[in-house]
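All chains should be built: construct the whole structure from the sequences, respecting the hints.
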Amino acid sequence: MSDLYPYILSYSVSALEFAAAIIASIHYKKYVNSSEAYFLHFLWVTFFVDTILGSLLGLLFENKWLYYGYTGMSFLFYYWWYYSILTEKLYKKIIIVISTIFIILYVLNGINVELHKYSFVIGASFVLIFAGFHLHQLFNSDYTLMIKHKLSFWITTALVLFNIGMIPFILLSKYFNVWVFNSVFGIILLFLNIVLYGCYIIGFIWTKKKYNHF
Amino acid sequence: MDEKEIQSFLIISSVVLFLLIMTMISLFVLFQKRKNALLLKNEFAKKHFEQEISKAQIEIREETFRNISWELHDNIGQLLTLAKIQLQSDSSINEVKGTLDKCIKELRVLSKLINPEALKNMSLEQAISDEIDRFNRLNFIKSQLTIKGEQIKIDSKIEIVFFRILQEFFSNTIKHAKATHLDILLDYQTDVLTIMAKDNGLGFDLNKQKHSGIGLTNIKNRAKLVNANATFISEPNKGTELTITYHLNNENSYHSNS
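Protein sequences appear in the order of chains B and Z.
The numbering of the first sequence is the numbering used here, which starts it at 17 and goes up by one.
The numbering of the second sequence is the numbering used here, which starts it at 834 and goes up by one.
Keep in mind that the hints were calculated from the coordinates and are not lab data.
Be aware that a few hints might be false.
Said to hold, decoys possible - The list that follows gives simulated cross-link-like pairs (lysine to aspartate or glutamate, DMTMM-like), each with its CA atoms no further than 25 Å apart:
hint, chain 1, residue 1, chain 2, residue 2
1, B, K80, Z, E838
2, B, K226, Z, D988
3, Z, K888, Z, E838
4, Z, K986, Z, D934
5, B, K226, Z, D1024
6, Z, K837, B, E130
7, Z, K868, B, E104
8, Z, K879, B, E104
9, B, K164, Z, E876
10, Z, K990, B, D158
11, Z, K874, B, D158
Stated by the list, open to error - Away from chain B, derived, C-beta distances all over 10 Å, residues of chain Z:
hint, residue
12, I845
13, F882
14, E885
15, G931
16, D934
17, N948
18, Q977
19, I985
20, D988
21, Q1000
22, L1039
23, N1070
24, E1074
As the list claims (entries may be wrong) - Between beta-carbon pairs, the in silico distance windows are:
hint, chain 1, residue 1, chain 2, residue 2, range
25, Z, H881, B, L206, 27 to 33 Å
26, Z, I839, B, L124, 32 to 38 Å
27, Z, T1050, B, I218, 31 to 37 Å
28, B, F192, Z, K879, 54 to 60 Å
29, Z, D966, B, V48, 41 to 47 Å
30, B, K224, Z, A870, 42 to 48 Å
Yeah, the Cβ is synthetic: ideal placement off N, Cα and C, and Gly gets one too.
As structure tokens, then:
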């Protein structure tokens, strides 16, 4: 039974990704005119990379590199998304600078497999900063009154909760020197994924077309 | 799983959970607070809007009273005085009858104009055209109203504001501009209503005009209140032109943005 455990966890995460992608496709019309539209593609790419490519390529060579590539791509996608939805010029400039720093650190860390985790921590911290910018922007607009219908709010909440959990999770597991991805620690990962995709799913279902136009 | 692993699992999961819960609570509290503040602000803006509408309504009423008083004194009063003089100077009965007939006719027109029921249900076009008829009837100024496009009904509160703006413009034209002609245009396009009022009076230098600055600002602020835009074009001796543009599809959002 304990051998099956990691598989169950891994399939559960795939199932969550699949559910989020399906629900995003069903409600696509509601957010087609906004930058959030690219989340549909992003979610499907995530599902394919994680499930199909992950298990196929895993047979040929270590899929650490695949996941590292995917991590980099996903962070850059989030940065690009925040760049497109933030209206203040200063925020946009900060995003460009920080994204450049991220790319440099990402490449440098990429050489050493041991440092891959830190790339994630750095990338996730930057996502949190941009999410803060976006929350600040929402906060100062009339959207606050119907925030639950705003898709970008739900995506940002998902990213904030997921990353705020992931950062200490990765740092602490390193500190306690336990290998997290193949043991019961996976349950924390699954929990964070439930939060992440749960927020996405709620966002896609609750959002209304008239609030998604930038 | 050994004891060390269990321990670290417990620590890590509690830290992660704690952070998640704290973030959720702070997000919720922050947005809830902000939402209440915004609701209050909107409520206040709505009140302000209603107040401004009432103010415009009162001003229109005052202007109407002023007009009645003026008309009673200078028009009907004059006709009655004329009739009296005619009687005293032994003019023919027909002449006196003619004067009295004219007097009664003027009185009827006036009474019809100031009937509150009629005023309440009046459209913007009707109100402007009555005003213009009055100008022409009393020989104040030669005025003309042109309506282009298909008329679209707009919110009566917004009509009140537009009418008050025009009334202010007319009263300035008559009092100060020494104009002989006044042209008003209502242009209904698919999504924009343009109201243009133009006189051929003295005009003024927009940059130098300080004393009537308050009047201009007042008109502009009133227009802004209903999400319309008011612009003045004027040059000394070339008349004054006021243009109000109003987007017809933003009617529903006027008080949340005001």
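Evaluation of the provided hints:
| no. | hint | in the structure |
| --- | --- | --- |
| 1 | K80(B) x E838(Z) | 24 Å, holds |
| 2 | K226(B) x D988(Z) | 23 Å, holds |
| 3 | K888(Z) x E838(Z) | 74 Å, violated |
| 4 | K986(Z) x D934(Z) | 38 Å, violated |
| 5 | K226(B) x D1024(Z) | 19 Å, holds |
| 6 | K837(Z) x E130(B) | 23 Å, holds |
| 7 | K868(Z) x E104(B) | 22 Å, holds |
| 8 | K879(Z) x E104(B) | 28 Å, violated |
| 9 | K164(B) x E876(Z) | 21 Å, holds |
| 10 | K990(Z) x D158(B) | 24 Å, holds |
| 11 | K874(Z) x D158(B) | 11 Å, holds |
| 12 | I845 | 5 Å, violated |
| 13 | F882 | 16 Å, holds |
| 14 | E885 | 21 Å, holds |
| 15 | G931 | 65 Å, holds |
| 16 | D934 | 62 Å, holds |
| 17 | N948 | 42 Å, holds |
| 18 | Q977 | 42 Å, holds |
| 19 | I985 | 23 Å, holds |
| 20 | D988 | 21 Å, holds |
| 21 | Q1000 | 33 Å, holds |
| 22 | L1039 | 33 Å, holds |
| 23 | N1070 | 46 Å, holds |
| 24 | E1074 | 35 Å, holds |
| 25 | H881(Z) x L206(B): 27 to 33 Å | 52 Å, violated |
| 26 | I839(Z) x L124(B): 32 to 38 Å | 36 Å, holds |
| 27 | T1050(Z) x I218(B): 31 to 37 Å | 48 Å, violated |
| 28 | F192(B) x K879(Z): 54 to 60 Å | 57 Å, holds |
| 29 | D966(Z) x V48(B): 41 to 47 Å | 53 Å, violated |
| 30 | K224(B) x A870(Z): 42 to 48 Å | 23 Å, violated |
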